[in-house]
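Turn these sequences into a full structure, and let the hints steer you where they fit.
There are 2 protein chains.
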Amino acid sequence: MNFNVDHSIVSTVVSELHKVCIARSVIPILSGIKIVASKNGLKLTGGNSEIFIEKTIPLELNGEKVVEVIEEGSVVVQSKFINEILKKLSGNVHVQADLNNAIRIQSDEVVMKIPGFCAEEYPKLPEVHAQQSVELPLGTIKEAIQQTIFAVSKNDVKPVLTGVRMEFEKGKLICIATDSNRMSRCELPIPSELNKAFVVPAASMLEVINLKEADATILSILQEGNLLVMETEHTKLVSVLIEGNYPVTQGLIPTGYMSSITLHRKALQNGVDRACVFSRELKHNNVLLKLCDRTTISISSSSTEMGMIEERQKVVHMVGLDSFEITLDGKYLVEALRGIKEEFVEIQFNGAMKPIVIKPAQSNTYVQLISPRRTH
Amino acid sequence: MNFNVDHSIVSTVVSELHKVCIARSVIPILSGIKIVASKNGLKLTGGNSEIFIEKTIPLELNGEKVVEVIEEGSVVVQSKFINEILKKLSGNVHVQADLNNAIRIQSDEVVMKIPGFCAEEYPKLPEVHAQQSVELPLGTIKEAIQQTIFAVSKNDVKPVLTGVRMEFEKGKLICIATDSNRMSRCELPIPSELNKAFVVPAASMLEVINLKEADATILSILQEGNLLVMETEHTKLVSVLIEGNYPVTQGLIPTGYMSSITLHRKALQNGVDRACVFSRELKHNNVLLKLCDRTTISISSSSTEMGMIEERQKVVHMVGLDSFEITLDGKYLVEALRGIKEEFVEIQFNGAMKPIVIKPAQSNTYVQLISPRRTH
Chain Y
5 MNFNVDHSIV STVVSELHKV CIARSVIPIL SGIKIVASKN GLKLTGGNSE
55 IFIEKTIPLE LNGEKVVEVI EEGSVVVQSK FINEILKKLS GNVHVQADLN
105 NAIRIQSDEV VMKIPGFCAE EYPKLPEVHA QQSVELPLGT IKEAIQQTIF
155 AVSKNDVKPV LTGVRMEFEK GKLICIATDS NRMSRCELPI PSELNKAFVV
205 PAASMLEVIN LKEADATILS ILQEGNLLVM ETEHTKLVSV LIEGNYPVTQ
255 GLIPTGYMSS ITLHRKALQN GVDRACVFSR ELKHNNVLLK LCDRTTISIS
305 SSSTEMGMIE ERQKVVHMVG LDSFEITLDG KYLVEALRGI KEEFVEIQFN
355 GAMKPIVIKP AQSNTYVQLI SPRRTH
Chain V
5 MNFNVDHSIV STVVSELHKV CIARSVIPIL SGIKIVASKN GLKLTGGNSE
55 IFIEKTIPLE LNGEKVVEVI EEGSVVVQSK FINEILKKLS GNVHVQADLN
105 NAIRIQSDEV VMKIPGFCAE EYPKLPEVHA QQSVELPLGT IKEAIQQTIF
155 AVSKNDVKPV LTGVRMEFEK GKLICIATDS NRMSRCELPI PSELNKAFVV
205 PAASMLEVIN LKEADATILS ILQEGNLLVM ETEHTKLVSV LIEGNYPVTQ
255 GLIPTGYMSS ITLHRKALQN GVDRACVFSR ELKHNNVLLK LCDRTTISIS
305 SSSTEMGMIE ERQKVVHMVG LDSFEITLDG KYLVEALRGI KEEFVEIQFN
355 GAMKPIVIKP AQSNTYVQLI SPRRTH
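Which chain is which? The protein sequence lines are Y and V, in order.
Count along the first sequence starting at 1, add 4, and that's the number in this note's numbering.
Count along the second sequence starting at 1, add 4, and that's the number in this note's numbering.
Rather than coming from a laboratory, the hints here were simulated on the basis of the structure.
Hints should not be assumed to be uniformly reliable.
[Claimed, not checked] Every beta carbon over 10 Å from chain V, so not counted as near; a handful from chain Y, in silico:
1) His11
2) Gly45
3) Glu54
4) Leu65
5) Gly67
6) Gln150
7) Lys240
8) Pro251
9) Met262
10) Gly275
11) Asp277
[Unchecked claim] Below are the SDA-like pairs computed for lysine to any residue, each with C-alpha atoms no more than 25 Å apart in a straight line:
12) V:Lys240 <-> V:His22
13) V:Lys270 <-> V:Val156
14) Y:Lys92 <-> V:Asp277
15) V:Lys270 <-> V:Gly143
16) Y:Lys91 <-> V:Lys345
17) Y:Lys117 <-> V:Thr60
18) Y:Lys92 <-> V:Pro364
19) Y:Lys335 <-> V:Pro119
20) Y:Lys335 <-> V:Ser94
21) Y:Lys270 <-> Y:Val323
22) V:Lys91 <-> Y:Thr308
23) Y:Lys91 <-> V:Arg269
24) Y:Lys43 <-> Y:Val70
25) V:Lys92 <-> Y:Val323
26) V:Lys270 <-> V:Ala356
27) Y:Lys117 <-> V:Ser94
28) Y:Lys294 <-> V:Asp112
29) Y:Lys117 <-> Y:Lys270
30) V:Lys84 <-> V:Pro127
31) Y:Lys294 <-> Y:Asn274
32) V:Lys318 <-> Y:Val323
33) V:Lys92 <-> Y:Glu20
34) V:Lys92 <-> V:Val115
35) V:Lys176 <-> V:Val156
36) Y:Lys84 <-> V:His288
37) V:Lys92 <-> Y:Glu314
38) Y:Lys358 <-> Y:Gly343
39) V:Lys216 <-> V:Thr60
40) V:Lys174 <-> V:Ala201
This structure is a prediction, so every number in the text was calculated from the model and none was measured.
For glycine and all other residues, C-beta sits at the position ideal for the given N, C-alpha and C.
Right, here's the structure in full:
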């Protein structure tokens with residue numbers, strides 16, 4: 005193997021792969037990055053037990069020559085090491101590997117010789133032959149993931165809750181995440197008649213968010229068995245799926261309400277964030293939302309050690325009964341509000357013991373539920 | 005106590021003080037910030053066992069009114085808490101404390117009530133009455149500290165080596181730091197005939213570097229017994245000094261050399277930094293500098309696990325014998341080079357078993373020594 009590659013491009017790709025590579029493994033080759041040089045350019049692969057990422061560096065990018073392959077071949081190199089050394093180089097990088105997998109890297113006056121592994125011993129990615137793929141702009145799917153992923157369960161008691169559920173129904177994709185105390189649900193129209201549902205590990209979904217490619221890039225999604233393949237022009241992600249029975253979420257979202265108030269989203273988020281400072285001692289972040297009158301809401305919290313905070317905010321619009329008093333986990337509420345981009349947010353109340361509904365005002369495609377805290 | 009203060013100013017001051025406050029203390033008041041409101045403005049104090057910092061917020065700053073004192077008084081408030089809550093406020097902050105030290109903070113529509121402590125119970129800073137103070141521009145003293153502090157010892161075996169030694173001799177100030185394997189020495193001309201020497205804890209020196217005031221601000225330095233007071237217009241630092249016998253460093257710096265080479269400082273620093281990647285396994289960072297001929301130097305390192313790296317750099321200027329081959333801790337060398345601002349650096353060699361001298365070319369006021377590594 006023998007090739008030249010542009011430094012900034014290869015070091016970006018390697019640092020992206022390095023993040024998913026296993027840091028330390030009994031089998032050293034598993035913490036490596038596989039490099040394949042062919043007449044079409046370079047292909048680099050790295051991964052862990054949940055996800056593998058394959059990145060392509062073509063011969064030309066935006067009309068500029070970035071790779072020159074002098075001799076085809078392949079090798080595996082320790083990810084931590086190649087990542088670190090590439091960061092400290094600049095200019096053109098010349099990589100050579102001999103039949104013993106000894107690698108020689110040269111950049112200007114700097115020469116390195118490092119041991120490599122035989123690429124044949126690197127695990128082969130399973131092939132997925134599913135017929136039906138869904139194609140979506142990367143920006144759209146990123147947004148749907150960002151609007152739900154924070155609500156996944158952070159502990160492994162119910163593994164299926166640690167992932168984001170993707171439900172394909174004719175003409176739409178629904179993303180759902182829940183940790184039993186809160187739920188986030190986002191619905192997108194898609195040009196597909198696919199009908200299936202699966203749960204993707206949160207870590208794999210994060211890798212989709214981390215993709216550096218333009219929002220307009222098309223991401224194709226393909227599922228078969230317990231594997232999910234997501235692919236753009238230069239990147240292929242192969243993730244396992246989480247097996248298990250996902251709780252039924254249909255019907256959880258109430259169709260009516262006792263009262264509904266509309267508030268400034270950003271102001272509410274800041275107010276609840278402040279209140280959280282005062283409610284940390286029990287690790288509960290209990291924050292009380294209480295309607296003072298039809299035009300004012302009070303956000304408050306208190307703790308014996310730290311004292312109390314109270315602030316009032318204007319209600320923009322109100323429908324229904326005057327009673328509205330609920331104690332919530334303030335951190336959940338802040339995260340829910342952060343997922344919303346719109347200026348105004350609607351909060352629907354169905355009694356102090358029922359979950360509240362949080363959604364952008366005048367929209368039903370993005371809905372969140374948060375269960376109240378019992379305070380006694 | 006009752007005052008109004010500009011949010012951005014008070015939150016900057018509190019966050020600076022918070023960094024030196026003890027995080028958790030058996031005596032809660034010791035992890036607090038003392039606030040004194042008087043007709044001249046506010047005075048805030050925080051600290052730990054090594055250093056106390058007192059910050060003044062005057063009634064006016066740059067012609068703008070920033071404090072309005074309605075009623076004089078004082079109180080102590082938990083530092084962690086006040087720091088966190090101030091970050092989440094904006095605009096004008098109104099602070100009131102009653103006779104029971106209960107504090108009420110209001111900013112716009114946000115009201116907080118928090119418990120405080122009696123300011124009388126906060127430790128009183130010792131007074132220093134030394135007659136002779138030295139006055140220096142803050143920027144100058146910051147630079148001298150930055151050029152030496154990295155060389156202090158990182159372990160407590162010899163406590164006196166964990167500090168920066170300041171030696172005042174007639175007309176000059178010498179800052180020295182050493183951990184026995186390397187030494188950094190910086191000399192400044194000063195308009196003072198003071199003659200004394202003391203060792204300041206590195207943590208206190210860092211607080212001088214962290215001061216946000218302009219480089220031209222005058223810092224006055226005053227020492228008495230085991231205390232050092234450093235003061236600018238709005239900040240007063242009171243630090244303990246480290247007692248003990250500082251090693252004699254005079255005479256350590258060789259007056260001649262076998263050979264001397266001048267190199268590009270930044271290129272050398274990058275080269276040694278790269279070489280360090282390959283020499284990490286023994287925690288030794290062994291890097292070999294070797295003269296190839298009178299115009300070229302080779303920087304190399306190797307490890308059985310990682311392989312080897314070698315690069316060549318041009319020698320800008322060379323005096324003396326052709327023999328130059330020494331193994332050093334590359335990390336020490338990188339830190340030494342980072343302290344130098346000049347474009348070219350001179351390295352003086354006195355044999356493979358003697359320390360090398362590193363200094364800006366054509367200057368003798370900033371000199372560093374690094375002992376070689378024994379490789380066998």
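Outcome of the hint check:
Listed as outside the interface, His11 of chain Y is consistent with that label: its C-beta sits roughly 13 Å from the nearest C-beta of chain V, beyond the 10 Å cut-off. For Gly45 of chain Y, the shortest C-beta to C-beta distance to chain V comes to about 26 Å, beyond the 10 Å cut-off, and the non-interface label holds. Residue-level check passed: Glu54 of chain Y sits 28 Å from the nearest beta carbon of chain V, beyond 10 Å. For Leu65 of chain Y, the non-interface assignment is confirmed: its Cβ lies about 26 Å from the closest Cβ of chain V, beyond the 10 Å cut-off.
Every CB of chain V is more than 10 Å from the CB of Gly67 of chain Y (nearest about 31 Å), matching its label as outside the interface. Against the 10 Å criterion, Gln150 of chain Y stays outside the reach of chain V, whose nearest CB is about 23 Å from its own CB. Every Cβ of chain V is farther than 10 Å from the Cβ of Lys240 of chain Y; the closest lies at roughly 30 Å, confirming the non-interface assignment. Residue-level check passed: Pro251 of chain Y sits 35 Å from the nearest beta carbon of chain V, beyond 10 Å.
The claim that Met262 of chain Y lies off the interface holds: its Cβ sits roughly 26 Å from the closest Cβ of chain V, which is beyond the 10 Å cut-off. The beta carbon of Gly275 of chain Y is not kept farther than 10 Å from every beta carbon of chain V, the shortest such distance being approximately 8 Å. The beta carbon of Asp277 of chain Y sits about 6 Å from the closest Cβ of chain V, which is not more than 10 Å, so the claim that it is off the interface is violated. At roughly 15 Å between alpha-carbon atoms, Lys240 of chain V and His22 of chain V fall within 25 Å of each other, so this suggested pair holds.
A hinted pair counts as satisfied when its Cα atoms are at most 25 Å apart, and Lys270 of chain V with Val156 of chain V qualifies at roughly 23 Å. Of the supplied pair hints, the one linking Lys92 of chain Y and Asp277 of chain V holds, its CA atoms being roughly 8 Å apart against a limit of 25 Å. With a CA separation close to 23 Å, the supplied pair Lys270 of chain V and Gly143 of chain V stays within the 25 Å bound. For a cut-off of 25 Å, the pair hint linking Lys91 of chain Y to Lys345 of chain V stands: about 23 Å separates their Cα positions.
Restraint check for Lys117 of chain Y and Thr60 of chain V: the C-alpha separation of about 58 Å exceeds 25 Å, so the hint is violated. As the CA atoms of Lys92 of chain Y and Pro364 of chain V are separated by approximately 24 Å, the hinted pair is consistent with the 25 Å bound. Between Lys335 of chain Y and Pro119 of chain V, the direct Cα distance comes to roughly 24 Å. Compliance with the 25 Å bound is thereby established for this hinted pair. As the CA atoms of Lys335 of chain Y and Ser94 of chain V are separated by approximately 21 Å, the hinted pair is consistent with the 25 Å bound.
Simply put, Lys270 of chain Y and Val323 of chain Y have alpha-carbon atoms about 21 Å apart, close enough for the 25 Å limit, and the pair holds. Distance restraint check for Lys91 of chain V and Thr308 of chain Y: the Cα-Cα separation of roughly 22 Å lies within the 25 Å cut-off, and the hinted pair is therefore satisfied. Proximity of Lys91 of chain Y to Arg269 of chain V is assessed by CA-CA distance (about 19 Å); at most 25 Å being required, the pair is judged to hold. Between the alpha carbons of Lys43 of chain Y and Val70 of chain Y the distance comes to roughly 13 Å, so the proposed pair stays at or under 25 Å and holds.
Distance check on the hinted pair: Lys92 of chain V and Val323 of chain Y sit about 31 Å apart at the alpha-carbon level, beyond 25 Å; violated. Restraint check for Lys270 of chain V and Ala356 of chain V: satisfied, since their Cα atoms lie roughly 24 Å apart, inside the 25 Å limit. The hinted pair formed by Lys117 of chain Y and Ser94 of chain V fails the criterion: a straight-line CA distance of about 56 Å is larger than 25 Å. A distance of roughly 19 Å separates the Cα atoms of Lys294 of chain Y and Asp112 of chain V; the hinted pair therefore holds under the 25 Å criterion.
Our distance criterion of 25 Å between C-alpha atoms is broken by Lys117 of chain Y and Lys270 of chain Y, whose separation comes to about 54 Å. Distance check on the hinted pair: Lys84 of chain V and Pro127 of chain V sit about 18 Å apart at the alpha-carbon level, within 25 Å; holds. Distance restraint check for Lys294 of chain Y and Asn274 of chain Y: the Cα-Cα separation of roughly 16 Å lies within the 25 Å cut-off, and the hinted pair is therefore satisfied. Between Lys318 of chain V and Val323 of chain Y the alpha-carbon distance is near 78 Å, which puts this suggested pair outside the 25 Å criterion.
Taking the CA atoms of Lys92 of chain V and Glu20 of chain Y, the gap is near 34 Å; set against the 25 Å cutoff, the hint is violated. Taking the CA atoms of Lys92 of chain V and Val115 of chain V, the gap is about 13 Å. The hint holds against a cut of 25 Å. Only pairs whose Cα atoms come within 25 Å are accepted, and Lys176 of chain V paired with Val156 of chain V is accepted, the gap being roughly 21 Å. In summary, the hint linking Lys84 of chain Y to His288 of chain V is supported, as the alpha carbons are separated by about 19 Å, within the 25 Å threshold.
Taking the CA atoms of Lys92 of chain V and Glu314 of chain Y, the gap is near 14 Å; set against the 25 Å cutoff, the hint holds. A C-alpha spacing of about 22 Å is found between Lys358 of chain Y and Gly343 of chain Y, which places the hinted pair at or below 25 Å, so the restraint holds. This hinted pair checks out: Lys216 of chain V and Thr60 of chain V have alpha carbons roughly 13 Å apart, not beyond 25 Å. Between Lys174 of chain V and Ala201 of chain V the CA atoms are separated by roughly 12 Å; this keeps the pair inside 25 Å, and the hint holds.
Going down the numbered hints, you'll see the structure goes against 10, 11, 17, 25, 27, 29, 32 and 33, while the others check out.
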